[in-house]
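Quick one: dock chain against chain with the hints and give me the complex.
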Amino acid sequence: MKKTYKIEVDCPNCAAKLQKCAENTQGVESCTVNLMTQKLVINAPAEEQSEIIDSIVKQMKKIDDDVVIYC
Amino acid sequence: MTKKQKKNLRRILISGALYLVLALSSIWISWQPVLLALCYLAIYIYISQDVLKQTWKNILNKDFMDENFLMTIASLGAFALGEYSEAVAVMLFYQVGEWFQSYALERSRKSISALMDIRPEYANLDVDGKITEVDPEEVKIGQTIVIKPGERIPLDGVVLSGTGSIDTSALTGESVPRTVREGESVISGCINQSGVLHVRVTKEYADSTVARILDLVENATDKKSRSEQFITKFARIYTPVVVYSAIALAIIPSLFTGDWATWIYRALEFLVISCPCALVISVPLAMFGGIGGASKCGILVKGSTYLQDLSDVKTIVFDKTGTLTKGTFEVTQVTPVSVSSEELLRLCARAESFSTHPIALSIERAAKLENPQEGVSNVQEVAGKGLIANVDGVSVAAGNRKLMESLGVPANDLPEGTGFGTIVYVAKDGMFAGTIEVADEPKEETKTIVQLLRKYGVQRFVMLTGDSETVAKAVADSTGIDEVHAQLLPEQKVEWLEKILADRTGKLAYVGDGINDAPVLGMADVGIAMGALGSDAAIEAADVVLMDDQLDSLITAIQISRKTMGIARQNIVFAIVIKVLMLILGALGIVNMWGAVFADVGVSVLCILNAMRALSVRKFRVNAPQLK
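These protein sequences, in sequence, are chains S and V.
Heads up: the first sequence is residues 177 to 247, going by our numbering.
Heads up: the second sequence is residues 5 to 632, going by our numbering.
Same shape as in the complex, but just chain V (with noise of 0.2 Å):
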């Protein structure tokens, strides 16, 4: 509870006493009407005394239009009439409206932002062997940090000594810990569960990720969505429309049937009932929890905007390596012609043991070699065809079919691939002695995801790639995805991308890994960076930011977004009928000023209390069998 919340409630619960007493005694003692009035106006300005204050600075500022002004004149007016009782319950029942919707939007406010706070309080500094606790922010690069078991990651670094187990739910929100040792990189916010690390510092405070992160997800309510515009604007008018219906409700009536006092006791229920509060309070709400749901998930999003958007996705644009596909090459078929399979992968596996491409570590993963480089000696390049090694004494090639051909093998002996993947020739002294495919396969989940994003409305499926027609092809039918358009240069990919923005219906998601296609993230409705944990360019391009490089984070924030959605339509329409109603209720005398008074702070409680739902999201996964 902040003071004000404090004050205010003491407050309430005095005069709330004070006016209970008063009615009460009212019943047994004739009180003197003078002095019962001076009593209720006493209490009266007790209680209003910050609304009164309020509406007199608003009439000085002459920006008066609010809803102090709307209970001023409405309380007043009462007063007026001679109904002193009902003036003070009707301010006693508003300031009590407005205390509970300032706690729950208080404590609203604080779940989001519990959920969000990765914040580490403090690091261990390590200098020469002397453990000191120091603030995050003071830690330079190159320094050494401890870190205990349960401790939080204050600062990205390279774990000099021992082995960990790290939960890096915060960040991603999964929940299986991962195993580093000696020599790999940890990341700022996630959780040690066991061990003690001792890690060198490689990014300060300011750049580190969690910093980033925070930074990010803070500002996100900054950019405001259409929906937010929209209500804020609707309540710029509607206050003024409402006084002015209620001035015009309460003098033409009231000159055809002369009856003054019934009118206006209706105008200002009206009045009462009118105010704005719910609309403008909810749908930001509703927004900033879809917003920290989504982050519970690993999923950022930058902005309320951006979460509109994606609940209306109809064409999503994916870049294909490590997007729709793995990332990583991977051996998926030997042929061997003269040898045996496994002597192929054997043979091959050496020669290329000095090799860092992608292609050649695969091939030495799959023979799963314990001292590939033993016994290889004189290894050449041969520029954009392979190379060629000696292997135990024997030449062995490995590379393309121009290798091949250079080594006089007749290129009718040459076996096409099936096109999915890149072929390695082999041969062992200058005799051809059989292929190695080495693919970038799709990841297991796309199809499926494909089909479920299908069914989540989403009408064309585009894959842009800098990689060969035929792969690109392969990739697509073995996925589902409908149009391919291949060997793209970056800027290539801005064109084709243009020209899919000109006629898309709805809005256009474009997924990539943020690796040199920051442009099209950027120029998208909506830019979607996967596996961007660490990755600082696909964080700052990106408008969302799936942590992890799974797809099915996608589904997880599409289900978000348009949850998030529904309940900001829900709380918008709830709002505005119950409005009409009871404005219309009022109008007609039906409703008294107790009813008014509800229908101002019961719609906003409620509709708060809807908004927190956006709160409560879960992780999608296909292979989750109670989702299936």
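In isolation and in its complexed conformation, chain S is listed as follows (with noise of 0.2 Å):
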């Protein structure tokens, strides 16, 4: 299942560390971060979608406090 967040991104570097992190988490099959249009698109199951989504907040705390995801 695909879910979007809404993000707050505004440096392509962010978005790239961010792609990075999300590709990485567990669970994740597939992931887009979009610059433009400040969305982050996760794919993965459906009941694993809280967990994932809360995971990579806090590893974006470590890497980068300036990204903000809304969820």
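Hint data in this document are derived by calculation from the structure and do not stem from the laboratory.
Beta carbons: idealized from backbone N, C-alpha and C, even for Gly.
Among these hints, one or two may not hold up.
Unchecked claim - Result set (DSSO-like, lysine-lysine): computed pairs, CA atoms no more than 27 Å apart in a straight line:
#1 V/Lys61 / S/Lys196
#2 V/Lys144 / S/Lys196
#3 V/Lys144 / S/Lys178
#4 V/Lys300 / S/Lys196
#5 S/Lys179 / S/Lys196
#6 V/Lys237 / S/Lys196
#7 S/Lys234 / V/Lys57
#8 V/Lys503 / V/Lys459
#9 S/Lys182 / V/Lys300
#10 V/Lys459 / S/Lys182
#11 S/Lys234 / V/Lys66
#12 S/Lys182 / V/Lys503
#13 V/Lys11 / S/Lys215
What the hints assert, rightly or not - DEER-style ranges, computed between Cβ atoms:
#14 V/Leu24 / S/Asn219: 30 to 38 Å
#15 V/His361 / S/Ala222: 48 to 56 Å
#16 V/Thr167 / S/Ala222: 42 to 50 Å
#17 V/Pro523 / S/Asp241: 42 to 50 Å
#18 S/Lys182 / V/Phe234: 36 to 44 Å
#19 V/Arg622 / S/Tyr246: 46 to 54 Å
#20 S/Asn219 / V/Gly154: 37 to 45 Å
#21 V/Trp35 / S/Asp241: 35 to 43 Å
#22 V/Arg111 / S/Lys182: 16 to 24 Å
#23 S/Asn219 / V/Met527: 21 to 29 Å
What the hints assert, rightly or not - A few chain V residues that don't get close to chain S, going by computed Cβ distances all over 10 Å:
#24 Glu155
#25 Leu289
#26 Glu347
#27 Val398
#28 Val488
#29 Lys511
So, in structure tokens, the structure goes:
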């Protein structure tokens, strides 16, 4: 299942970091970070979605706390 | 302005003011060197806290080769060399630049998004005459909604009552409003300009035209073009190379000259100049602008990669019916033998008045009769031949040669047609009365468009059609298409396209209407569907969707792609040339730290402004005099 989250990312570098982080999160089948439309799309099993996004938010705090994810 | 931008702006203003006071006061007051250094350090920490924190995080994550790292080393290095004022100034200027960049990016993003904002905010749901405003997502199929003048149509449906004038420009780019009446279907996303419409909903919001189009455009930037991929790869190699060069620049000349301070300073400058931000941001933004501009003209591009391919199209394969031709049959010639031509047309139209065959409908349209079915009885369909009916007590037969021959008309009496269309032979009371020729004519603009496309560098034009050889040849000759493959079944179209794909130069575009050519649309480098408004299959299968059915849009699409790619190329070249130039000047010591910071953020902002040009595009029209 694909789920879309609104994000606030203002540089391509941060977007790339978020992309890498999301890709490496357990359970994520595929993901896209769109800097232009400010969206993060996670493709993962429906029941794992909330767990995955929590883990991404936590990871991103460590990597770059300018990235805001609304969930 | 976002929260972060506001916070940063405040920080920039405060530290800028403090910096000015400190710098000016040191002209009149002789500060204690240690005190002065501490004051500068305080401002430095205040203005660069984000950058320092981020650099630290990056080092912890072992992924630190980015602009934060470059700026941290450069400014800390300046401190180490005793250039306190300069260290603060560089960081301050960098923050100003970053702020501008972030602001410009946000503004551009917003203006593009505003362009694509066709999302309906509410629907007026009518339940037993009581009207309530609800979220379009809550409306179910079969319910009735009311659209008042000036409102956006929230869901696809059929008009139950009322007449309205509908502005479809948000979807098609077409500015002439369309009139809709009872029984006609309306598409969500359009604006009702006048009249109140009661509409029965036929699709839920998620399946409606507006939701599908929004989804498509918003996800368009996911499919990255080759230029964008190049830039991402480039930046990944670039930063480490620059860092090592800077280290070399600091050490090697110093070993020979012994002047460590000068060369370390130059190495720091080198680092500041080298930030690849302009490159990384400007190309995707230009692409995004191009896609936004295209959607304003009623052209949906499903990814920037297709925008790039479109600019390099050398072969175009067309479907015939509905693409090169009007897709509707029209009476082109009436040749009577024993009656007047009006009489011939009238007889035939009445005899065929119960038929729904496209040819029969076209004859009916041409005859313009008030009540064609009156006085017509005993209609017999003769399979594969035509029909015979009783019109005002007289037997009238309309059909092909075989029908005439079966009625006993000598074959020699039957004339051949011009080859362009289909010939309907008419017999009255068993006697041959004349012929009516019906054809699907090429659109008026087709020939001009083909000529224009040649000017745009398209070398090979191919037509693939299921229609007969003679009709296909006639259409090709009159429109300037040089290669025709006729009488093809859908799978043969695929085979032919494979052959053409194998020996193409440049990119291949396939233009069709999305009806029964979905596999071919998918196979081409760029699959272009025309007249796709409301056709789900076409929107699904194509890479580029032209919302209206005019070939002019094909030219618009190519113009937009050329312009966008031009801008992207300008940005790449501009950014690289300025950077390399400044790197050399910095290494030679000609440019100071200020110039270095300009080279970084100035170039970015200029590239963003240039990228915004991709947004301003105009719909191309063959008949528009100012464009000729």
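Hints, one by one, checked against the model:
no.	hint	in the structure
1	V/Lys61 / S/Lys196	holds, 16 Å
2	V/Lys144 / S/Lys196	violated, 40 Å
3	V/Lys144 / S/Lys178	holds, 24 Å
4	V/Lys300 / S/Lys196	violated, 33 Å
5	S/Lys179 / S/Lys196	holds, 17 Å
6	V/Lys237 / S/Lys196	holds, 14 Å
7	S/Lys234 / V/Lys57	holds, 17 Å
8	V/Lys503 / V/Lys459	holds, 25 Å
9	S/Lys182 / V/Lys300	holds, 24 Å
10	V/Lys459 / S/Lys182	violated, 44 Å
11	S/Lys234 / V/Lys66	holds, 18 Å
12	S/Lys182 / V/Lys503	violated, 45 Å
13	V/Lys11 / S/Lys215	holds, 23 Å
14	V/Leu24 / S/Asn219: 30 to 38 Å	violated, 52 Å
15	V/His361 / S/Ala222: 48 to 56 Å	holds, 50 Å
16	V/Thr167 / S/Ala222: 42 to 50 Å	holds, 46 Å
17	V/Pro523 / S/Asp241: 42 to 50 Å	holds, 48 Å
18	S/Lys182 / V/Phe234: 36 to 44 Å	violated, 29 Å
19	V/Arg622 / S/Tyr246: 46 to 54 Å	violated, 37 Å
20	S/Asn219 / V/Gly154: 37 to 45 Å	holds, 40 Å
21	V/Trp35 / S/Asp241: 35 to 43 Å	holds, 36 Å
22	V/Arg111 / S/Lys182: 16 to 24 Å	holds, 18 Å
23	S/Asn219 / V/Met527: 21 to 29 Å	holds, 26 Å
24	Glu155	holds, 26 Å
25	Leu289	violated, 7 Å
26	Glu347	holds, 63 Å
27	Val398	holds, 66 Å
28	Val488	holds, 42 Å
29	Lys511	holds, 24 Å
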